[in-house]
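Engineer: Just so you know, the sequences run in chain order A, B and C. Take 0 as the starting number for the first sequence in numbering that gives the first Met the number 0 and just add one per residue. Take 0 as the starting number for the second sequence in numbering that gives the first Met the number 0 and just add one per residue. Take 0 as the starting number for the third sequence in numbering that gives the first Met the number 0 and just add one per residue.
Because the hints were derived from the structure by calculation, they are not lab data. The beta-carbon is built from N, C-alpha and C at its ideal position, and this holds for glycine as well. Among these hints, one or two may not hold up.
To be verified - Straight-line distance between alpha carbons at most 30 Å, and here's what the computed DSSO-like set of lysine-lysine pairs gives:
#, chain 1, residue 1, chain 2, residue 2
1, C, 175, B, 193
2, B, 246, C, 133
3, C, 175, A, 34
4, A, 34, C, 133
5, C, 175, A, 11
6, C, 113, B, 246
7, C, 113, C, 133
8, B, 193, B, 203
Stated by the list, open to error - Derived CB-CB ranges, DEER-like:
#, chain 1, residue 1, chain 2, residue 2, range
9, C, 93, B, 505, 39 to 47 Å
10, B, 387, C, 163, 33 to 41 Å
11, C, 158, B, 506, 45 to 53 Å
12, B, 382, A, 15, 14 to 22 Å
13, B, 238, C, 93, 44 to 52 Å
14, A, 15, C, 51, 36 to 44 Å
15, B, 34, A, 32, 25 to 33 Å
16, B, 126, A, 83, 52 to 60 Å
17, C, 59, B, 387, 40 to 48 Å
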Amino acid sequence: MSLLNPSIVPRKTYVLVWVALLLLLLANWGIAQLKLGPFNPVFSLGIAFIQMMLMLLFLMHVRYSTALTRVFVAAGFIWFVIMVVLSMNDYLTRGSVPGQMGNSWIHEHPTAPPVNLPKP
Amino acid sequence: MNATLPQTETEFTRTRGRVPSYFEEGGRTVGSWLLTTDHKRIGILYLYSILFYFTIAAIAAAIIRLELITPQGDLVSAETYNKLFTIHGTLMVWFFLIPSIPSVLGNFVIPLMIGAKDLAFPRLNLLSWYLFNIGGLIALYAVAIGGVDTGWTFYTPYSSAFTNSHVVTMVAGVFIAGFSSILTGVNFIVTIHKLRAPGLTWFKMPIFLWSNYATSVILVMATPVLAMTLVLLSIERIWGVGVFDPKLGGDPVLFQHLFWFYSHPAVYIMILPGMGVVSELVTCFARKPIFGYHFVAFASVAIALIGFVVWGHHMFTAGTSIYSGLFFSLMSYLVAVPSAIKVFNWTMTLYRGRIFLTTPMLYALGFIGLFTIGGLTGLFVAALAIDVHVTDTYFIVAHFHYIMVGGMVTGFLGGLHYWWPKITGRLYPENLGRLSALIIFIGFNLTFFPQYIMGYLGMVRRYHSYAPEFQIYHVMSSAGASILGVGYILPLIYLIWSLKHGKKAPANPWNATGLEWQTTSPPPKHNFIETPVVTREPYQYSPEVEERMIYG
Amino acid sequence: MAEAHEALAEQFEEMPQQTEASLLGMWTFLATEILFFGAMFLGYIVYRSTYPEAFAEAGRHTLILYGSVNTAILLTSSFTMSLAIDSAQRGRNRPLLGFLLLTILLGCGFLLVKGLEYSEDIHEHLVPGAHFTKELSAPGQMFWVLYWIMTGVHSLHLIIGVGVLAVVAWMAWGGKFSEYYHNPVLISGLYWHFVDVIWVWLYAFIYLINRH
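With the rest of the complex left out, here is chain A (with noise of 0.2 Å):
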């Protein structure tokens, strides 16, 4: 091992990666092909999440890295889930108060015309 590369990962590692995840992609394909409801985003996500995780700790080294990166890699991911969470709080309690607007935009019959679009 290099003394400047501290994260020289064993190539059998890498096989072992990638037939996990072509093995995780079979899988996910094959569940959304069953009838599970609410399940299949459930798993779909699941797996798709597996498969970042094993990219992002061997492909991408974070489980050879130094703390100050993974505090990097988590903070992007923290500041997407702040982003979604505080805009999926105001969508999905829109129409809770009696009065307030409801949760979808479109009319049963739409009466506007077709707006003609002015060049950008």
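Using the hints, position chains B and C against chain A.
Structural biologist: For chains B and C alone, coordinates are given in the frame of chain A:
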């Protein structure tokens, strides 16, 4: 470390008895400046650029204030007026305020302050300046071919479906300038992590570094969302279908969520660096260590972090849910706490200090007062019940100008004067400096305080004609604006004058602590002859010691 | 003092510092990319939670075969990229070049398959606008707006990635890298893997969760 000086340096040193400055070494041609990777030269390039965009935006403001002297819309048409405040907002926010302290003072001072030879990525730094100007020129092109009338906020559906103005061109310019922000942020973050001099631990760093670090986190995490939002807006304008379109079941308010997710943290980009400057100024000119160093350092980070969860307070009346409003209102109260901690700590730093009322100090004191007023009114509007009445009125306009102009621009001028001897090797004329600071303070308050009153009384923003009962306030505001204009022009004149005729500055005219003062004024190209080693806490000032400062 | 490597920039004291700085810089940039793509994912999440049936109906028109093949291609390209990095770390230049070229090839393969898929989508009138298929509702069209934008932005990033890897391959061919210095390989590898991670999520959001 360079064991030998390059050939030109030793000849220079032999004949002149001193090391060449960064002006003299590295080439003297225009080309050597346009292709420089020296952070000090890039800081100056940014100074020229932001001055250019500031001037255009200020002219737009002047026309606006001229129009508003009379209740009728008689100087310009409504559409032109809309385009004027759009130019003013867009240029001032993205092409003046956001780059001002970070890209001018930060670029220049940060490597010096941490004892490094340059930033981590000097070529990215130069790229950042070019992207900034490419974006700016595209935005100006949008103005030249007819402008945009949506306001700097580009709200859908007006911007996406109805306006006939050049939205896509304008947002393309902003999009490109956004990359400039991101690169600066990346550069500062990595530099502060990796290039600190031996002995410079995190808690020995001057607060200016903490503030710029916090600012860089915002630059990096918020700007990409703006970038994508502008892309989505452009797609909707160009192709007529998009994610904000009600005909597809889309929500125009989604644009506001995405826009303000960036733009609220952006306002912290437009105040945190100013706070960093103030921390440097009050310590130096009260001759005291900062009161509560750890609190001030953590408060900078807290402002950046909490600033990301308050954006919905710009949307209280937009049709978002009441629970959303509740949460954002609560968080908006919370974000005021670290800011208040800073104001308290600056005040306690001044207490029992040995006060020197230099030009930078006058600006710092102005900042503390004006920011406090602006921040306080922020708390007023964080309350849902009040915001419902004053949103989209001049109360809001006054609120943000107190913070951005009374705070940030004042801080920028203070920092510019403070580091001017270091940057240029010249002293500016101190009495003219103090006079200008006073004129700016008076002009500023006359311009913007009446706006609080008329906003509260119902004067709507972005209107070029109004009910006659508001005229008295508008006349005061416009009169103040002309005084403010004089106040800004004076430093332009005397600072340029000082370049040729100002007294030569010593290495440390203010007897300040900090590594940047340990090298010559102006510094050599590589900043330090030898890499400094830090052993002491920051701000080792003492109010008991009799001191002299060297004035221009 | 040891001889400074010719690639050591003057603001750094030694190569490990420069390498760490480069990696940290790339991770910071990738964090910005999470938010750049994240804004689109937010739009998707908002509208899918509002119109689940319309999205399901629209999602059933996606071509899962193309999507799955493309996922396999990209996952494999990440594997070859890792082997490229491994070769660089061991100072083995010819395998480095080989694996870089293989990665580029696989990236181009992805784009080819995507192109074929797009032409199929166009043929099926799944392009939002005046000619959009009448079979789907208005929110269903919203799904397809998001499809084109999200996969389009992703493909753009992939094209940039291919370009970056081409430059890195050219540098490798010029003998610029050794076991002591190969920062461009490391940071472009991070970027490439990231684009793959984004695709893994896109695959799930676009092709899988709406099938029923």
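Engineer: Next, verify each hint and record whether it holds.
Structural biologist: Against the structure, the hints come out as follows:
1. 175/C - 193/B: holds, 24 Å
2. 246/B - 133/C: holds, 15 Å
3. 175/C - 34/A: Violated, at roughly 54 Å.
4. 34/A - 133/C: holds, 26 Å
5. 175/C - 11/A: holds, 27 Å
6. 113/C - 246/B: Status holds; Cα separation ~29 Å.
7. 113/C - 133/C: Answer holds: residue 113/C to residue 133/C is near 24 Å, not above 30 Å.
8. 193/B - 203/B: With a Cα-Cα distance of about 15 Å, the restraint between residue 193/B and residue 203/B holds, given a limit of 30 Å.
9. 93/C - 505/B: 39 to 47 Å: Violated - the Cβ-Cβ distance for residue 93/C and residue 505/B, about 59 Å, lies outside 39 to 47 Å.
10. 387/B - 163/C: 33 to 41 Å: Given range 33 to 41 Å: violated, Cβ gap about 50 Å.
11. 158/C - 506/B: 45 to 53 Å: holds, 51 Å
12. 382/B - 15/A: 14 to 22 Å: Distance hint for residue 382/B, residue 15/A is violated at roughly 57 Å.
13. 238/B - 93/C: 44 to 52 Å: Check passed, 47 Å falls within 44 to 52 Å.
14. 15/A - 51/C: 36 to 44 Å: holds, 37 Å
15. 34/B - 32/A: 25 to 33 Å: The hint (25 to 33 Å, Cβ to Cβ) is violated, given that residue 34/B and residue 32/A are roughly 58 Å apart.
16. 126/B - 83/A: 52 to 60 Å: violated, 31 Å
17. 59/C - 387/B: 40 to 48 Å: holds, 44 Å
Violated hints, listed in ascending order, are 3, 9, 10, 12, 15, 16; each of the other numbered hints is respected by the structure.
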